[in-house]
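Spelled out, the chains give:
6 protein chains.
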Amino acid sequence: MTTPAYTLSAETRARLEGVSTASVATALFKRGLRNQFIQGVSPVCYKGRRMVGQAFTLRYIPAREDRNPITVFRNADHPQRVAVETCPPGWVLVMDSRKDARAASAGSILVTRLARRGCAGIVTDGGFRDAEGIGALDMPAYHQRPSAPTNLTLHEALDLNVPIACGDVPVFPGDVLLGDGDGVMVIPAALADEIAAECTGMESFEDFVLEQVNAGAAVIGLYPPTTDAAQADYAAWRDRTGR
Amino acid sequence: MTTPAYTLSAETRARLEGVSTASVATALFKRGLRNQFIQGVSPVCYKGRRMVGQAFTLRYIPAREDRNPITVFRNADHPQRVAVETCPPGWVLVMDSRKDARAASAGSILVTRLARRGCAGIVTDGGFRDAEGIGALDMPAYHQRPSAPTNLTLHEALDLNVPIACGDVPVFPGDVLLGDGDGVMVIPAALADEIAAECTGMESFEDFVLEQVNAGAAVIGLYPPTTDAAQADYAAWRDRTGR
Amino acid sequence: MTTPAYTLSAETRARLEGVSTASVATALFKRGLRNQFIQGVSPVCYKGRRMVGQAFTLRYIPAREDRNPITVFRNADHPQRVAVETCPPGWVLVMDSRKDARAASAGSILVTRLARRGCAGIVTDGGFRDAEGIGALDMPAYHQRPSAPTNLTLHEALDLNVPIACGDVPVFPGDVLLGDGDGVMVIPAALADEIAAECTGMESFEDFVLEQVNAGAAVIGLYPPTTDAAQADYAAWRDRTGR
Amino acid sequence: MTTPAYTLSAETRARLEGVSTASVATALFKRGLRNQFIQGVSPVCYKGRRMVGQAFTLRYIPAREDRNPITVFRNADHPQRVAVETCPPGWVLVMDSRKDARAASAGSILVTRLARRGCAGIVTDGGFRDAEGIGALDMPAYHQRPSAPTNLTLHEALDLNVPIACGDVPVFPGDVLLGDGDGVMVIPAALADEIAAECTGMESFEDFVLEQVNAGAAVIGLYPPTTDAAQADYAAWRDRTGR
Amino acid sequence: MTTPAYTLSAETRARLEGVSTASVATALFKRGLRNQFIQGVSPVCYKGRRMVGQAFTLRYIPAREDRNPITVFRNADHPQRVAVETCPPGWVLVMDSRKDARAASAGSILVTRLARRGCAGIVTDGGFRDAEGIGALDMPAYHQRPSAPTNLTLHEALDLNVPIACGDVPVFPGDVLLGDGDGVMVIPAALADEIAAECTGMESFEDFVLEQVNAGAAVIGLYPPTTDAAQADYAAWRDRTGR
Amino acid sequence: MTTPAYTLSAETRARLEGVSTASVATALFKRGLRNQFIQGVSPVCYKGRRMVGQAFTLRYIPAREDRNPITVFRNADHPQRVAVETCPPGWVLVMDSRKDARAASAGSILVTRLARRGCAGIVTDGGFRDAEGIGALDMPAYHQRPSAPTNLTLHEALDLNVPIACGDVPVFPGDVLLGDGDGVMVIPAALADEIAAECTGMESFEDFVLEQVNAGAAVIGLYPPTTDAAQADYAAWRDRTGR
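Chains as they are written, first to last, in our numbering: chain A, 1 to 243; chain B, 1 to 243; chain C, 1 to 243; chain D, 1 to 243; chain E, 1 to 243; chain F, 1 to 243.
Chain A with its partners taken away, still in its complex shape (with noise of 0.2 angstroms):
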């Protein structure tokens, strides 16, 4: 385990909750960072808010049969139970099931510890299960699909806040994520503060926007805003919206 030198303040969590993915992805995109978006998950139920956190990371491997009985769980240090204990609260336990759902990566008695500990959330590149369950709880879920066999069908826990890979992505303990409904953006730890700034920025913009598409505008000449007319309006927008 490594110690995450960052530390995500209240003000960037409380920007991040007001950001999309989207946005945070143009902003990557814009820095050169293409491959920020944890492929092929979707939120287990989504219920209209956004996960913000920092990722505390849990790697699987695949399971050899004589290392994974049943009764590996009686065993106190067993990674996956570790994780659920020691994920901070305020922080993601992101698992790198390596896009393998035909086994859960974990189920809603897990889960529900880590809500119950006050974590912000969870997010595997498998699936879960008892999803129901899980999809019940207050704290997002990410996932591939729910998938009912034990984790030690086929994965094996090993590893707990070491790089991993999650859909695609890299994702380095202490990154910062953010999860709406179109999926999960992993950003990172460097780069969370001004990303976060610079995505509060868009999305006043593109509200400004939505407003004047609503009201009947083209968009070409206003997204982005190439013509006098449109910063105008939208300098004029800020000052009466005080955004």
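Derived by calculation from the structure, the hints in this document are not laboratory data. These numbers were taken from a predicted model, which means no experiment stands behind them. Among the hints, a few may not be true.
Note that the list lumps identical chains together, so a pair holds whenever it fits in one copy or between two copies.
[Said to hold, decoys possible] In silico EDC-like links for lysine to aspartate or glutamate, alpha-carbon gap of 20 angstroms or less:
id	residue 1	residue 2
1	30	198
2	30	66
3	47	17
4	99	194
5	99	11
6	47	159
Got chain A; can you put chains B, C, D, E and F on it based on the hints?
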């Protein structure tokens, strides 16, 4: 761009709004067209109303990094933006995204503009960003799955109104699209009127059959109606219901 | 067709209606059966009620065009139609569609007939057409995704009640299927009674654990119950709740 | 097991040995059969000689662990072993392995036995183990890729001589298989004689065309021969070559 | 059709014949172009000689049955035939087959014609029929896998010399293709001269490194040459070898 | 890095050089290990000699662009370079490339260095660049397919000698790898000696069987040897051949 010769009549549009993609698939199958169902797409948020309209097409190719910086959107001729402003009211914008949903084909602002312009719908074999916003619109939208990254990441908008592939189906500008809860059928323009007429009759018969089945009838002999009794019952039902 | 020797008792059925696919998966895993979860299917429209029933099977092979014109449905012996009329009440029709959802495995009229006949459910590793109509029925249905094209496009119905593959799982006629929100487990007939009994106990224990976790308990030592305290607490809970 | 009515004549066999899978594919396409090429298989080690023979089929379903211990091979009735001993000389053993090559469909000892018995070839849409040994035999073999694990790992041999799927193609017992460097075509038994005759002519014409092209001719007007000159040249070539 | 502005010089062609796709990939990577390797294609029969030439493109879309009977080949304007007769000598015919190798992109007669016309090669992200015949030609050919069915089964030839996708890479008419045993790189026309020059130097250095490694040198410090000794050795080697 | 406790003896190495991956797969299957065959890899250029050695592992995660410029190779601690210089002679370098062959796992210079250092082989579930050069080496190499792009495009080298996934198989440092024409088996270190011994006997028996089959024997009763005659014949053969 080519100018499609066929124009969807109000009568055919109305008929198609009353038939299912399943009926259209069967009617096309009878004519030897076995591959007109766009594979792998589903409604962003189905509202129980069918999508009907002619195809206005947009072709993407894979994005080359040097040709697709964020600044291309400042170009008033960017094909994606032009598509959104020129797809005719009542038509459907259909995008060839090469079945690649790792980046978005479009986002909620552009799709909102399309809806405000009176277009009939939008279809991509890729994904939409801010899918929640798109799902909240009244206009039908079909895609593979949500995807936050900007289209510039993987897609370069190239052509308008050329024949394209969408979900393994050929789509010619002016073809008629029908979408429902199952997905989207592509009806060759030259067949749209006769398919609409034939399917209207099929729907009438299927409503009769469903009524019979709900009343306890067996399907053999009834669906299709191979017995004299079944044919007589249907004739009587048509008299009674005026269909 | 073979006649399965096992008949699901009312007691076992009732027990299975109270257990999750996750519990069954674990119980089968303990017996060395690691591959009984039908991969890649989900409920058409889940209503919070489990599907329980023995398997009546239908095998499709790829359709050869000359053998599968639309007129084959006029044949009173067409295996798909016969399946719908002969699957026993309380049983589940399970279809081997070779995981190919590019054409439908069945549509709403046939599935409605199956429901009216008192069958317990329908499962395909392909797709259904008019999935909306099927989702509106009270009978559970599981598939990969909606698919409008008629089954004749890609599937020839061939055999009834032979062992099949469904979603990479072997299904023998008479096996017991359990479906919930996660998907469908296949329980070998010979194990159904003991699995049902064992899982009933597992569910009781998991309800206890969930209650503890919701009250703030940690999972290590409790799940599984490796401490004397956890075992005593569970014994007391069982006394108190009568479970 | 059913008894196929058709028997491949020596004349048709000889003709098919002289035609390519490409020609057969085109001849079947002209008759509306578009899906007779076994997808995803290639020769284990191609030796420039075509495989021709009728199909003797073996169906695998996914292996359930308790039914497939290593001891099942002691059973004299094990269908895989029986297949190897009963596939008629001159026929081809075709296996439905559900396109799953993660475990073997057969190994070199069984395939050697098949070769020694005078069979014409073996095809699986899975993989062979000890593929090197199989490639060293004189008898043609087609598979997806080599695979070391025993078939018991994933495949239970179930049925002999029932219609099957192989590489997304329906194969009926008695159908005629033609294999060359491109792969394997399945010719419905009832069409074998006429396809063989027609393709013999096509090969003659293609040899003529290739000679012309190698001599510098353009393909337009020649292939197909739409000009009078091309037709006259071909007639002259046939006279000259006696084909 | 557009007319590409760039013409490959004899010097750049000669240089590219001496460099590997790996070197070109690295040189493009340094310029921010990370996606120029055509994915999923390999030489039909590699002969140790590189393919170099500018791209002449052919776009296929999925075939609609009524538009693609066998008789379309009688049409002197059929784009596939026209492509074969108009691709300039020294150029490479590149086909967008949407990565679908279930039917052929072309066969040996057309490819022979292309070779006789002095073209530099042919590439498809689909498959070739009569791949053995194509492999026997002197002209390089790259595809996914052999495929016997006629292109009409799944591909309608539509456009010549428009930008296309091939193996997930954008290919613009006039781009320079380099093929070797690894596969095919697409070099944007505007970069071809500088890439050829830079890679010539890279190859020289790699030959030096390989000589050193074969003589027992470690790679760290040498590859890349971060030590003064390594740089001096390379300078001496260049003096000695005249490269 | 952990230090594996097991060291492969010369005797076990010699035995394994005489057995096939198929035999090892069966021996592991008998012990309940069903998933030890690395899926999807093949020899770069098979030379009829087996690869045997213990696993030295390298783990890649997806590359983040800002962390993986070309200059990282100047770093003397870059894990890929360190792996090549520290993998012990007689061992096999095994790379977890997450089954992603869109960019290379390594190229010919590094693999040549590995060969010169006396390593026993290299395995990746991705691809190699300059595969032709690697295939020309005497040291065995296994991959998915050739891939020209530098590993920096998609892979960041992260860890040495941690447990990894390779082709869906868990590989622990020190496990014993056996490669032949079929592919690569992973033998858990603790089982290597007994598996080598058992398989040596299996190979002896299979050689006997193959001799019998080539002489015209049927497989039933012989393979496995369920008859007294078969067992007596084998005993006699062992006496005669000294095996």
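Status of each hint after checking the structure:
1. For a Cα distance limit of 20 angstroms, the shortest separation of residue 30 from residue 198 inside one copy, 11 angstroms, qualifies, whereas the shortest one across copies, 28 angstroms, does not.
2. Taking the closest pair of Cα atoms, residue 30 and residue 66 come within 20 angstroms of each other only across two copies (12 angstroms); inside a single copy the shortest separation is 48 angstroms, beyond that limit.
3. In the homo-oligomer, the alpha carbons of residue 47 and residue 17 lie at most 20 angstroms apart inside one protomer (13 angstroms), although the nearest pairing across protomers, at 29 angstroms, exceeds that limit.
4. Taking CA atoms no more than 20 angstroms apart as the test, residue 99 paired with residue 194 passes in neither setting, with 30 angstroms inside one copy and 33 angstroms between copies.
5. With identical chains, the CA atoms of residue 99 and residue 11 are never at most 20 angstroms apart, being 33 angstroms at best within one copy and 39 angstroms at best between copies.
6. For a Cα distance limit of 20 angstroms, the shortest separation of residue 47 from residue 159 qualifies neither inside one copy, at 31 angstroms, nor across copies, at 38 angstroms.
Violated hints for the displayed structure, listed by number in ascending order: 4, 5, 6.
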